[in-house]
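Trainee: Read off the chains here:
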Amino acid sequence: AQSVSQHNHHVILSEAASLELGCNYSYGGTVNLFWYVQYPGQHLQLLLKYFSGDPLVKGIKGFEAEFIKSKFSFNLRKPSVQWSDTAEYFCAVLGGTNAGKSTFGDGTTLTVKP
Amino acid sequence: DAGVTQSPTHLIKTRGQQVTLRCSPKSGHDTVSWYQQALGQGPQFIFQYYEEEERQRGNFPDRFSGHQFPNYSSELNVNALLLGDSALYLCASSSGTGRTDTQYFGPGTRLTVL
Chain A
341 AQSVSQHNHH VILSEAASLE LGCNYSYGGT VNLFWYVQYP GQHLQLLLKY
391 FSGDPLVKGI KGFEAEFIKS KFSFNLRKPS VQWSDTAEYF CAVLGGTNAG
441 KSTFGDGTTL TVKP
Chain B
2 DAGVTQSPTH LIKTRGQQVT LRCSPKSGHD TVSWYQQALG QGPQFIFQYY
52 EEEERQRGNF PDRFSGHQFP NYSSELNVNA LLLGDSALYL CASSSGTGRT
102 DTQYFGPGTR LTVL
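Respectively, the protein sequence lines represent chains A and B.
Per our numbering: the first sequence ends with 454, consecutive numbering throughout.
Per our numbering: the second sequence ends with 115, consecutive numbering throughout.
FYI, nobody ran anything at the bench for these hints, they're computed from the structure.
Values in this document were obtained by computation on a predicted structure and should not be read as measured data.
Any given hint could be a false lead.
Claimed, not checked - Here are the in silico distance ranges between beta carbons for each label pair:
| hint | chain 1 | residue 1 | chain 2 | residue 2 | range |
| --- | --- | --- | --- | --- | --- |
| 1 | B | Leu-115 | A | His-347 | 47 to 57 Å |
| 2 | B | Glu-52 | A | Asn-348 | 34 to 44 Å |
| 3 | B | Gly-85 | A | Ser-345 | 16 to 26 Å |
| 4 | B | Glu-53 | A | Phe-391 | 25 to 35 Å |
| 5 | A | His-349 | B | Arg-64 | 41 to 51 Å |
Idealized CB from N, CA, C, for every residue including glycine.
Produce the complete structure using the sequences and hints provided.
Mentor: Dropping the structure here:
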């Protein structure tokens with residue numbers, strides 16, 4: 341069974357600081373990888389996704405993530421965070437053939453101080 | 002273009018009761034997946050419906066059942082409610098069941114079991 345681990349439960353940064361949120365997964369086969377964001381009072385939104393090709397993927401709002409197959413990792417990065425990035429971030433992994441059975445991490449709450 | 006919609010927004014039930022949650026997928030989508038998100042955790046996959054049939058199921062008991070209608074909308078039914086069923090129930094839709102079909106999430110239904 342696949343699993344996802346997000347090591348940081350709560351991250352607090354000041355505006356303009358750089359961000360890196362860790363995500364490790366366990367699945368031996370081909371995977372699709374996602375980062376979702378949930379802003380306060382809003383629903384889950386797709387931030388970025390990796391299916392194949394260039395392991396460095398760019399998403400919305402200046403976020404990017406790098407897939408490192410040898411480390412089973414898909415860390416999320418942003419060079420300079422803004423107060424509006426305060427949200428909960430979820431990493432998700434889809435292994436196998438079915439799009440529905442995604443496995444999510446427990447999320448990382450990011451608080452950006454103005 | 003309406004995204005994924007869910008009803009009701011909030012629901013309060015007592016132990017032993019039954020509940021039905023509803024989901025309308027994003028326009029053009031034919032696949033609906035349901036997730037349970039307990040407080041402080043990531044979404045857990047319940048099941049997925051495509052062509053009015055349950056295609057995949059997560060580790061949830063038979064008390065959790067569902068249905069998909071010809072217009073692709075879906076219902077989640079939970080019988081014999083337990084306190085532990087209190088959670089945010091998320092519906093996600095996609096345009097297929099393949100692993101490259103990105104899921105879009107609704108706002109969720111907050112279920113409280115007393």
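Trainee: A separate judgement is required for each hint: does it hold in the structure or not?
Mentor: We went through each hint and held it up to the structure:
Remark: the range hint 47 to 57 Å for Leu-115(B) to His-347(A) is contradicted by a beta-carbon distance near 35 Å. Taken as a hint, the range 34 to 44 Å holds for the pair Glu-52(B) and Asn-348(A), whose Cβ atoms sit roughly 40 Å apart. Distance hint check for Gly-85(B) and Ser-345(A): the Cβ-Cβ separation is about 23 Å, which falls inside the suggested range of 16 to 26 Å. With their beta carbons about 28 Å apart, Glu-53(B) and Phe-391(A) fall inside the hinted range of 25 to 35 Å.
Checking the proposed 41 to 51 Å range against His-349(A) and Arg-64(B) shows it is violated: the Cβ atoms sit about 30 Å from each other.
In summary, the numbered hints that this structure violates are 1, 5.
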